[in-house]
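Protein chains: 2
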Amino acid sequence: MSQNTLAEIEHLIALLAKLPGLGPRSSRRAVLHLIRKKDLLLTPLANAMQEVAASARSCLNCGNISTSDICPICADEARGNGELCVVEDVSDLWAIERAGSFKGRYHVLGGTLSALDGVGPDDLRIPQLVDRMASESVHEVILALDATIDGQTTAHYIMDHLPSGVTLTSLAQGVPIGGELDYLDEGTITAALNSRKAV
Amino acid sequence: MSQNTLAEIEHLIALLAKLPGLGPRSSRRAVLHLIRKKDLLLTPLANAMQEVAASARSCLNCGNISTSDICPICADEARGNGELCVVEDVSDLWAIERAGSFKGRYHVLGGTLSALDGVGPDDLRIPQLVDRMASESVHEVILALDATIDGQTTAHYIMDHLPSGVTLTSLAQGVPIGGELDYLDEGTITAALNSRKAV
Numbered sequence: 001m002s003q004n005t006l007a008e009i010e011h012l013i014a015l016l017a018k019l020p021g022l023g024p025r026s027s028r029r030a031v032l033h034l035i036r037k038k039d040l041l042l043t044p045l046a047n048a049m050q051e052v053a054a055s056a057r058s059c060l061n062c063g064n065i066s067t068s069d070i071c072p073i074c075a076d077e078a079r080g081n082g083e084l085c086v087v088e089d090v091s092d093l094w095a096i097e098r099a100g101s102f103k104g105r106y107h108v109l110g111g112t113l114s115a116l117d118g119v120g121p122d123d124l125r126i127p128q129l130v131d132r133m134a135s136e137s138v139h140e141v142i143l144a145l146d147a148t149i150d151g152q153t154t155a156h157y158i159m160d161h162l163p164s165g166v167t168l169t170s171l172a173q174g175v176p177i178g179g180e181l182d183y184l185d186e187g188t189i190t191a192a193l194n195s196r197k198a199v
Numbered sequence: 001m002s003q004n005t006l007a008e009i010e011h012l013i014a015l016l017a018k019l020p021g022l023g024p025r026s027s028r029r030a031v032l033h034l035i036r037k038k039d040l041l042l043t044p045l046a047n048a049m050q051e052v053a054a055s056a057r058s059c060l061n062c063g064n065i066s067t068s069d070i071c072p073i074c075a076d077e078a079r080g081n082g083e084l085c086v087v088e089d090v091s092d093l094w095a096i097e098r099a100g101s102f103k104g105r106y107h108v109l110g111g112t113l114s115a116l117d118g119v120g121p122d123d124l125r126i127p128q129l130v131d132r133m134a135s136e137s138v139h140e141v142i143l144a145l146d147a148t149i150d151g152q153t154t155a156h157y158i159m160d161h162l163p164s165g166v167t168l169t170s171l172a173q174g175v176p177i178g179g180e181l182d183y184l185d186e187g188t189i190t191a192a193l194n195s196r197k198a199v
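Chains as they are written, first to last, in UniProt numbering: chain A, 1 to 199; chain B, 1 to 199.
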């Protein structure tokens, strides 16, 4: 860009290009689109961002994103049914909430254990998880972690550190709804075969 | 998304999803990323958007995006060299500015003539272009319009309506730098052959 493009606009393009899924080129396109729709999109978007920046924080209990110290899920008495779903990230929590079938509470770890990246148990909100076992009288912990090496390492670490008497479960592995066998990896097919059910 | 996700965040996701290149899924991912980097990215981005929303406007002379009534290119006496490059859109102007080789001024039409979409000459800043011929003593008009039907229709309309005595040129057509013949369409190869040069 030459010296004749405006500093404010260049600055906005550079910032927007840092979003996942956008690069310098698509960011420039997006900024042009925003300027064309100044009143319809740019101003409302700037306001919405300012609002979220002012209000968003982590729930002190579960790590979900919230606008209060305790998120609506943790504040909802009806969801304190003793089931606790452990997820890696807020995006996983949102994904499970979209499915709408889980009625308990969550615990967001904020990552997975990783020797390579130097992520240990204390970086992950695992101590808080252990604390919640007693204070919320949890009877089942559902480990909804990714089926990756790091995810499974984390799951095993949590299994070893939870008090006895708590039921530990993990998400079922198998064929996704609508999935075609032809396109599935061998690991998934093996897991689905091993967990086959009588019909 | 369930009732437990927060209204402000949902609102931001919905707005961001309207950007070209982003959809509901990538917008959600981007918003999570923004919230995680609240001080480093979300707040600066909101401020940058507010600044651009407050300052961006169209240059009254050429249609470029500017923060003043007359954009830096039109305000620059050195660029009033009598060459005027006609482009469809501000993004085209930016692309030519990035190349850095054009030293004249621009005229942004704001679209192309289109019978299908009901876009006529008066919707396009063509009258302003004709006015500029005299006031800026333009001696060459470079038509840098897309090589599409609508772009070429617009080019022909402009050719018919400019005062005589003005040199009209258009961008050369041929093989792009670094382009491989194997991947080029027949039209480009034909144009490049027809405009072949002695070496």
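Just so you know, the hints here were simulated from the structure itself, not pulled from any lab data.
Backbone N, C-alpha and C define an ideal beta-carbon position, used for all residues, glycine too.
There may be inaccurate statements among the hints.
[As the list claims (entries may be wrong)] Partial pick of chain B residues on the chain A-facing surface, computed with a CB cut under 7 angstroms:
id, residue
1, His11
2, Thr43
3, Leu45
4, Met49
5, Gln50
6, Ser55
7, Arg125
8, Pro127
[What the hints assert, rightly or not] No farther apart than 25 angstroms at their CA atoms in a straight line, the calculated lysine to any residue pairs in the SDA-like style are these:
id, chain 1, residue 1, chain 2, residue 2
9, A, Lys18, B, Ala147
10, B, Lys197, B, Ala147
11, A, Lys38, B, Asp92
12, B, Lys103, A, Lys197
13, B, Lys37, A, Ser91
14, A, Lys18, B, Leu32
15, B, Lys103, B, Ala54
16, B, Lys37, A, Asp92
17, A, Lys37, B, Ser58
18, B, Lys103, B, Pro176
19, A, Lys37, B, Asp122
20, B, Lys38, A, Ser137
21, A, Lys38, B, His33
22, A, Lys37, B, Ala56
23, B, Lys38, A, Leu60
24, A, Lys38, B, Leu60
Comparing the hints with the structure gives:
no. : hint                  : in the structure
1   : His11                 : holds, 5 angstroms
2   : Thr43                 : holds, 5 angstroms
3   : Leu45                 : holds, 5 angstroms
4   : Met49                 : holds, 4 angstroms
5   : Gln50                 : holds, 4 angstroms
6   : Ser55                 : holds, 6 angstroms
7   : Arg125                : violated, 15 angstroms
8   : Pro127                : violated, 21 angstroms
9   : Lys18(A) / Ala147(B)  : violated, 33 angstroms
10  : Lys197(B) / Ala147(B) : holds, 21 angstroms
11  : Lys38(A) / Asp92(B)   : holds, 20 angstroms
12  : Lys103(B) / Lys197(A) : violated, 74 angstroms
13  : Lys37(B) / Ser91(A)   : holds, 15 angstroms
14  : Lys18(A) / Leu32(B)   : holds, 13 angstroms
15  : Lys103(B) / Ala54(B)  : violated, 29 angstroms
16  : Lys37(B) / Asp92(A)   : holds, 18 angstroms
17  : Lys37(A) / Ser58(B)   : holds, 12 angstroms
18  : Lys103(B) / Pro176(B) : holds, 22 angstroms
19  : Lys37(A) / Asp122(B)  : holds, 21 angstroms
20  : Lys38(B) / Ser137(A)  : violated, 34 angstroms
21  : Lys38(A) / His33(B)   : holds, 24 angstroms
22  : Lys37(A) / Ala56(B)   : holds, 11 angstroms
23  : Lys38(B) / Leu60(A)   : holds, 17 angstroms
24  : Lys38(A) / Leu60(B)   : holds, 17 angstroms
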